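Chemist: Each chain, letter by letter, is given below.
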Amino acid sequence: MKALRLLRRWLYRSVADDTADIIARQRAAYQQAAFLVPMLYVVTLYVVMSWLTFWWQQWLDAPAPTLLWPVAWLRWTDAHAGVYFIYMLAMAAPILAMLMPQHRWTRALVFLGLLEMAALASSFGKINHSLHAWTSVAFVFIFLPNGYWERRADSIRERQLFLTTFWGAQALICLFYTLSGIWKLYGAFQQLFAGEMSAFHPDALAYQIATRLMETNSQSMLGPVILAHPWVGGPLLWGAMYIETFALVAAFRPSLHRLWGISLMLLHLGNILLLSIPFLESMTLVSLILIFSPFRPPVTNPRAVLRDLPILGLLLRAISTTTSLPNTRVATEAQRTQRRRG
Amino acid sequence: MRTYRRLQQAIAALLVLYAVLGVLTWRGIMPEVFPVYSWDLFSTIPSPVERDMGLRITSVGGQPLNPPVYVQQLSTVFPRAATIDAFVTIQSLGAAARDHNDTEVEKLRGYLEPTFLGGAGAVEYKVIERRFDPLRRWQTGELLDEKTLASFRFPGR
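Chains as they are written, first to last, in numbering that gives the first Met the number 0: chain E, 0 to 341; chain V, 0 to 156.
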């Protein structure tokens, strides 16, 4: 129990301690989240159409060799009609949801449409993970409050239920990146102890880029720069590992939402420019739900952001307490007194 | 308040369940449960002696290629072959050919040939296992060695 308490305190360390404007902030956060949800459905339609424009003919022409469970029903129907039904569902659902986001059935249809389309795309020998994050967010959004959001906006309880569900979607996406970061760390230590080249080697990213580009005989805009100067890639890879590993911690700290949203967006941009891997769907998703997070502070305080950085924040605070201890303490005490009076 | 607590618990349960399933499906401990994924992406660095499978085209539309070339280099003839989906399928086909798993080879050919080699008439190709240093191969195209695992003919579609 004590360990759980310590974990909670560490995760939530950036939550504001002044409660004066908390209701106003909750209301503003609710309005932001209630605006973002239909916007996400607008972008969902774009995502669906960009996939269908490229793949629809191939999915109709070639029989899928390994039908995944969500599309297993295609075995017992006319394959062409079934695939067309999936196309129609995937297209119609986000249109309905952007027009009527307050109805749970429209949000459930979006999840179903994305699940079916992603399963169909993944039934051709390789599971494609590009739509996993989008599908997961659509799943969590099913549990947003049902009914008229405008009327519910007056209730603190309803607003909190809405925001908590929205945060659930943010946390789930951040968990994906954390898992990815943990495996990279695990792989790095495993290769390090095996005496192989690991992610801690400055040239590691160059090897990754060369191998990846040769898999598809493709070119990338900035890959040749790293391949010509492999040591440049080291800090980029280490930065990416840090951002990924601590993404879930950042979800618990509103001051970090914007920074992590920008960093994850840049990480995906880097994947495109260096590795020619276009995870465009995930890039758009993290940009929307983290950069424009309803929980981010109204004004970004760089010092608070630095203080809340996982691990690095502890180091920075340790350095600042040993270098400027008296002044910092006095200032903090004065701020607290002022806050109590105010 | 009770609904709020339940919602918090449900979100925590979802996160824990996803993490557990993600870990269990990692590196094939159990099969991937769509749409859950371990998110194990680029977690190992390719070694300076890397190994993979390639598809070398020896003839297209009845015309022999001299010298034969790997399928990704013929992207104007086979536009879908220069995709990661094609690469992954070729790796599976190579592994099945190396293990003499004829059933799997036929199943993979049934997908690979019409999907990635279609539209250019009859195609003859070899499945090759390659060893290479990634940086050296990128700079010079040089391979350490190649081994032919199987030869096939796709009549075209």
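Source of the hints: derived by calculation from the structure; they are not laboratory data.
A quick note: this is a predicted structure, and the numbers were derived from the prediction, not measured.
Take these hints with a grain of salt, some might be off.
[As the list claims (entries may be wrong)] Anything over 10 Å on all C-beta distances counts as not near chain V; from chain E, calculated:
1) 59
2) 69
3) 75
4) 76
5) 117
6) 156
7) 164
8) 178
9) 183
10) 192
11) 235
12) 314
13) 315
14) 316
[Unchecked claim] Simulated restraints on C-beta separations:
15) 191(E) x 32(V): 27 to 37 Å
16) 83(E) x 118(V): 21 to 31 Å
17) 98(V) x 195(E): 20 to 30 Å
18) 47(V) x 75(E): 21 to 31 Å
[Said to hold, decoys possible] Below, a list of computed lysine-lysine pairs in the DSSO-like style, where the Cα atoms sit at most 27 Å apart:
19) 106(V) x 125(V)
20) 1(E) x 146(V)
21) 106(V) x 125(E)
22) 146(V) x 125(E)
23) 125(V) x 146(V)
24) 106(V) x 146(V)
All C-beta atoms in this analysis are idealised placements derived from N, C-alpha and C, irrespective of residue type, glycine included.
Chemist: Are the hints correct? Go through all of them and say.
Modeler: Results for each hint:
1. 59: Residue 59(E) clear of chain V: closest Cβ-Cβ about 12 Å, beyond 10 Å.
2. 69: Residue 69(E) not clear of chain V: closest Cβ-Cβ about 7 Å, inside 10 Å.
3. 75: holds, 19 Å
4. 76: Given a closest Cβ separation of 20 Å, the condition holds.
5. 117: violated, 6 Å
6. 156: It is violated; residue 156(E) is separated from chain V by about 7 Å at its closest Cβ, not greater than 10 Å.
7. 164: violated, 7 Å
8. 178: violated, 4 Å
9. 183: For residue 183(E), whose nearest Cβ neighbour in chain V is about 5 Å away, the distance does not exceed 10 Å, so it is violated.
10. 192: holds, 13 Å
11. 235: Residue 235(E) is indeed farther than 10 Å from all Cβ atoms of chain V, at 13 Å.
12. 314: holds, 26 Å
13. 315: Since the minimum Cβ distance to chain V is about 28 Å, residue 315(E) lies beyond 10 Å and the statement holds.
14. 316: holds, 28 Å
15. 191(E) x 32(V): 27 to 37 Å: Since the Cβ atoms of residue 191(E) and residue 32(V) sit about 31 Å apart, the hinted range of 27 to 37 Å holds.
16. 83(E) x 118(V): 21 to 31 Å: Holds - the Cβ-Cβ distance for residue 83(E) and residue 118(V), about 23 Å, lies within 21 to 31 Å.
17. 98(V) x 195(E): 20 to 30 Å: holds, 25 Å
18. 47(V) x 75(E): 21 to 31 Å: violated, 51 Å
19. 106(V) x 125(V): holds, 17 Å
20. 1(E) x 146(V): violated, 59 Å
21. 106(V) x 125(E): At roughly 14 Å apart (the allowed maximum being 27 Å), residue 125(E) and residue 106(V) satisfy the hint.
22. 146(V) x 125(E): holds, 25 Å
23. 125(V) x 146(V): Cα-Cα ~10 Å, so holds.
24. 106(V) x 146(V): The given pair, whose Cα atoms are some 22 Å apart, holds under the 27 Å limit.
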